[in-house]
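Student: Next come the chains, spelled out residue by residue.
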Amino acid sequence: MKSYEIVIIGGGPAGLAAALAAKESGVGSILILERDRELGGILNQCIHNGFGLHTFKEELTGPEYAYRFIEKVLEQKIEYKLNTMVMDITQSKIVTYMNRTEGMVHIQAKAIILAMGCRERPRGALNIPGFRPAGIFSAGTAQRLVNMEGYMPGREVVILGSGDIGLIMARRMTLEGAHVKVVAEIMPYSGGLKRNIVQCLDDFGIPLRLSHTIVDIRGVERVEGVTIAQVDEHMKPVPGTEEDYDCDTILLSVGLIPENELSNKINVQMNAVTSGPVVNESLETNVEGVFACGNVLHVHDLVDYVSEEAALAGKNAAKYVLGKFSGQENSAHTITLEAVDGVRYTVPKTVNIGRMEDTVKVRFRVGNVFKDSYVSVYYDDERVLHRKKIIMAPGEMEDITLDRKKLLGYPDLKKITVKIEKE
Amino acid sequence: MEKRELICIGCPLGCMITVDMQDGKVVKVTGNTCPRGEKYAVKEVTCPTRIVTSSVRVSGGDIHVLSVKTREAVPKEKIFDCANALKTVKVAAPVRIGDIILKDAAGTGIPFVATKNVKFRSSL
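Chains A and B, in that order, give the protein sequences. For the first sequence, our numbering gives the first residue as 1, with consecutive numbering after it. For the second sequence, our numbering gives the first residue as 1001, with consecutive numbering after it.
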């Protein structure tokens, strides 16, 4: 059986950045396994601009951003396989993959980096009444059809959900000559980035109906129309608020779910909020030598953050295979992070002071829209950070930074709490 | 004094910016967290522009659809003209990122450039 020091599952932005960081840290044998026909992942279908402002200080399109990393992976001669599907991984880190030329192959890895990304929540998860006609797409599928395959999914469009992909597709379909009639969002706030509301809806006069959802789909063979209604605070449709829209296409942009089937096979502990693995400060899961990064870990809004996080996973996987993780220290002093009062989760979930770098960035999302509120961090009962934010929303990821030197001053610290406070 | 509320699109932070205007001229910009925000706000209230991204068909390549963008931002009212100008464009592989695909997008003087590499289709 062939063996590699690090096997990376997924050749999207997370997998690529992880591979490069691992290579830079001195690991020679790295293999990236990608199921699509090219490296770059979902960035290849995100042809809009706005990527890389943090990383490259310029505004790139998805394919351009991906290529910055692909180019380096090629330069560094990091091995990768395309059109290759990983079927199985085991506790002893045997990876089983399949492709057309090699058939089914087992390889041995010393460390595995999970970088499989996420998938879109489908109609079946929503309980929308009506038949199952043609013309209902997830927004990302429509994006791939239009931007990569050259097909137009429809002409008269209603979009359900105001996630970023849906907003981006509202603009894209409009530019391609379709008529986007309305974007309905069940929550009282948008799930997408503000700039996408401005650039993709406002610019084109597409209405966004907050606290609205689809209550009926008409059409048997093909979508013929939808009924949209307002919802109350319990998300129940309000009778008498129904409005009919004729359309031939419905795009769903109703959330992303990390793709963790492989992680589950080796009993990686999962976080019920993120649907991604529970990880420590090194982005290592509870299975030793198995790391996770990118959207398989938790859904990000910015690819820059994915690249940054994935580089950390790559670096730590390298440390692991090169034996640079100190063994004894590892369990010496582990602090748990707790997310309460408006904070839905934190990544990482635990911090080991013996293993952490000088600083650790903790990313989290809030569960509601908070105006003029504070992000507070408590070391046990002592408040050590109290930072005012004009606005925080579930659609935009927040972060705080933990400082090793500061943490060393609290030798008995058990718990770090992150919460939102009004004052 | 006229006040205009904007959401900065310079980066994903989406700062809420207030622009104070007098007789069509910008007097004060507040709410931005970086110089880009001020620049955007002034531009957005005087001459709003956008980068247009779209795609064209490519022949003889390993992929069939090539993604493109205007090299610089074009006036906002020209967005549709720019996108429509691509409808008649024919591109042949190979293509490199940055190659000019259409010299002048709808009379803006700004070219559409490729945002993806396309290799020749390998012989089947």
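Treat each hint with caution, since some may be false.
To be verified - List of simulated lysine-lysine pairs, BS3-like, C-alpha gap at most 25 Å: (1) B:1076 x A:181; (2) A:405 x A:419; (3) B:1003 x A:81; (4) B:1119 x A:77; (5) B:1087 x A:181; (6) A:371 x B:1003; (7) A:194 x B:1043; (8) A:194 x A:388.
In short, the hints are calculated from the structure, not lab data.
Student: What hints, given by number in increasing order, does this structure fail?
Tutor: 3
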